[in-house]
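Protein chains in written order, with the working numbering: chain C, 1 to 317; chain P, 1 to 345.
The set of hints was computed from the structure by calculation and includes no laboratory data.
The structure presented is a predicted model; accordingly, all values stated were derived computationally and were not measured.
It is possible that some hints are incorrect.
To list a few chain C residues with every Cβ distance to chain P over 10 Å, as calculated [as the list claims (entries may be wrong)]:
id : residue
1  : Leu41
2  : Glu83
3  : Gly150
4  : Met162
5  : Arg178
6  : Phe187
7  : Ala193
8  : Gly229
9  : Ser253
Simulated DEER-style distance windows between Cβ atoms [unchecked claim]:
id : chain 1 : residue 1 : chain 2 : residue 2 : range
10 : P       : Thr64     : C       : Trp24     : 34 to 40 Å
11 : C       : Gly156    : P       : Gly188    : 56 to 62 Å
12 : C       : Leu120    : P       : Val147    : 50 to 56 Å
13 : C       : Lys152    : P       : Gly65     : 28 to 34 Å
The beta-carbon is built from N, C-alpha and C at its ideal position, and this holds for glycine as well.
Listed below, chain by chain, are the residues.
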Amino acid sequence: MTALRSWEGFLFAVLILIYAVNAWSSPVFLTPGNQINMFQLSVEKIIVALVMTFVIINGEIDLSVASIMGLAACAFGWLVQAEVPGGWAIMIALMIGLACGAFNALFIVGFGIPSLVVTLATMIAFRGFARVLVEDRGINAFPAWFNHLGQKGLIGPVPLAMVVFAVLAVLAYLILQRTAFGRKVYFIGANRAVAEFSGLDVRAVKAKIFIASGVVSALAGILFAARVGAVRGDVAQGFELDIITMVLLGGVSIFGGAGTMSGTILAILIVLALRNGMALQNITGHIQTGVLGILLILSVMVPIIRETGGRLIARVR
Amino acid sequence: MKHLTVSTLALCAAMFGVQANAQAVTAEKGGNANMVLLPKFLGILPFDQANRGAEEAHAELGNTGTLLYTGPTPENSVAGQIEILTTAGSQGQAVVMLSNNAGDQIAPAAEAAQAAGTKVVTWDSPIPSGAGETVFVAQVDFGSIGVVMADMAHSIMGGEGEFAVLSATPDAANQNAWIAAMEEALKGEKYASMKLVDTVYGDDQSEVSYNRALALVDSHPNLKLIMSPTTVGIQASAKAMQDEGLCDKVKVSGLGLPAEMVSYTMNGCAPGFALWSFVDLGYLTYYTSYMLATGKITGEVGETFNAGRMGDYTIEQDPGRENGKRILMGPFTVYTSANVEAEAN
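Here chain C stands alone, though its shape is the one from the complex (with noise of 0.2 Å):
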C-alpha cells in the first residue's frame, strides 16, 4: 500500500512539474480558456478511462470501447436523420452501448473466452455497424441545442462533458475505493481462484464492469458528437489506446488486481498537460505520439523493475 501511496505521489510531482515548465514556457498555459480546451480536446477519452480502471484492476481488458463509442455516435446521427427526436435518438443510442456492453459480457463471462480475444472482434465488429449505418458519408444536422450542449459552456465556460466527466470521476472514485463492490473487483482481479473458492459472484461482478464500459463509452461517443457537430464511421477510431495508456500510466497493474481511481485521474492530467503543453510549443504529430509511447513504457516498467527489485533486495538479506 506504501508502495501504490509513493507512485502517485510520484505522479503527483511529474504533475505539478508539467504544469510549471508549460506555464513558463507559454503565457496562454494556465489561461482558463486553455485549461477548459484542454480538458475538451479529449474529454471523451478520458471518461472512458473512468470506467477502463475499473475493467483492467479487475484482470480484464476491453479494447471495443472506443467502437462503442463510433457505434453509439453513428446510430445517433442515423436516427436524427431518420427525423428521430434528439431525446429518443441519445436513449436509444445509448441502449445500443449498453447492448454492446451485455454482448462483451455474454462471451467473457458466460462462455469463459477471454477478454483479449473478444473485445478484439468485438472492437472490429462494432466499428463495421458503424460504417455500415453513416454508408461512408458524414452527418452534421444535429439539433442546435445538441450541438449547442457540446460546443458552448454549460456552467460558465465549463460545457456539459466536463461537468459529466466531474461527476463521474466523483462516482467512480467512490464506487471503487468505498463500497463492497469496489472491494470485490480488487479482490478479483487479484486472484480469481480464490475469489471463486471464497463464494464471491466473480461473474456478475465482470458482467457488471462490461456493461457499465458499455454503456459510458456510448455516452461518450454521443458526447464527442455533440462536440464536433458531425459523425462519420471512423469517429473516435484508435481511441482505446490512449485510454488504456492513462490507466496503465495512472499505477493499475496490466494483470489485474491494483491501482486506485486517484492515480488514473492524475495520469489523466499529466498526459492532457503534456499534450496541450508539447502542442503550445507546435510540438505534435509524431513527436508527441513518441512521447507518449515511451511514457507507457515507463509507466508498465517502473512498477515491474521495482517489484523485481524489492524481490531481489529481500532475496539478499
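Put chain P on the given structure of chain C with help from the hints.
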C-alpha cells in the same frame, strides 16, 4: 513544362482579373503575422511540396512572423487536426492554412478559432459546410477534374469496358466532389460503353490502398482500369498491378505526382495521370493568408489581389458549396510518357 503551366496560370488569372473588373490589391511586404500550415497529416510528398511553396512566399513577402508547418499523424488525423486548430486559436496565430481531413467535424473548432481572431484559410480540401472557413483556395475547378478523369479513362480504355475508383477516405470532401463530377461527365454520349463498377476507399494509406486495389481486381474479373483521384492511392494501385504482373490487363490512372509515378508511366502500368502543382498551391494559399492577415483583403466575394509570380486572383462564390467562397488556382497538367520524365527530375 513548368514554364508552360505557370504562364497559362498567369493568363488565366489575368482573364479572371478582367472579368472581375477590379483593381488588384498588392501585398505590403514586411508585415508581421504568424502562420500555420496544417496538412491532412505529415509524411506524404504533396503536403511537403505545398510547404515549399508557402516558404517561398513567406521569404518573398518578408513576413517577420513565423511560418509553422505542423500536422497530425495519419492514424490521428481528425482528432489531431481539431487539436492543432484549437491550440492555434489559443496561441493567437494569425492564420491557419488547413487541408481539411475531418469533414464537418472540424467546423466547431474552426468557428472557435475565428472567434479567437485566427483566420482559417482552407486549401486542397475545404470544410464542406463552409462554417468557420474564411476562404478556400481550390487547386482546380472540381467539375473540370471530373471531365479530365473521364477523358483519361476513355483514352486508356479505348472508350469501353469496366473500371473502378479507388479513393482516399470516405469523407474526403475533395475526392468525393471529383468522383461526383466524373460520374456526371460519364453520362455523356461519348462514355456510353464505359461502366464504373465499384468505388472503394484506401484511406490514403499505402498498404490499405494496395490491398484494396488487388481486391478490386479479384472481385471484377473484367476490370480494365483503376481510377484513383489521390496521390497515395494511384501509386499504391500502380505498384500492386506491377507486383502482380497485371499491368497488361488492368491499367491505373488518376491524380498522381510525377516524381512518384514516373516509373509506372514509363513501364505502361499507369500510361496517363494528371495533377496540379502543390508548390503553387502552397504559394497561392500563403499569399491569400498573408493578404488576409495584413488586412489588405477581408475575404469577401469580388476582392481581387496580386499573388506575386502567379498573377491576380479573385475571390468568388464556390459553385460546389452553397456557403463557401473560393479562389480558383486553375489548370492542371496531364502527364504521359512524353512529359513525365522532365517533370519528375
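To see whether the hints hold, each was checked on the structure:
1. Leu41: 5 Å, violated
2. Glu83: Holds, because the least Cβ-Cβ distance between C:Glu83 and chain P comes to about 19 Å, which exceeds 10 Å.
3. Gly150: Incorrect as stated: the minimum Cβ-Cβ distance to chain P is 8 Å, not above 10 Å.
4. Met162: 15 Å, holds
5. Arg178: 34 Å, holds
6. Phe187: 37 Å, holds
7. Ala193: Holds, because the least Cβ-Cβ distance between C:Ala193 and chain P comes to about 39 Å, which exceeds 10 Å.
8. Gly229: 5 Å, violated
9. Ser253: Holds: least Cβ distance 27 Å, greater than 10 Å.
10. P:Thr64 x C:Trp24: 34 to 40 Å: With Cβ atoms ~25 Å apart, the hint is violated.
11. C:Gly156 x P:Gly188: 56 to 62 Å: For P:Gly188 against C:Gly156, whose Cβ atoms are near 59 Å apart, the range 56 to 62 Å holds.
12. C:Leu120 x P:Val147: 50 to 56 Å: 46 Å, violated
13. C:Lys152 x P:Gly65: 28 to 34 Å: 31 Å, holds
Consistency note: the structure conflicts with the earlier hints numbered 1, 3, 8, 10, 12.
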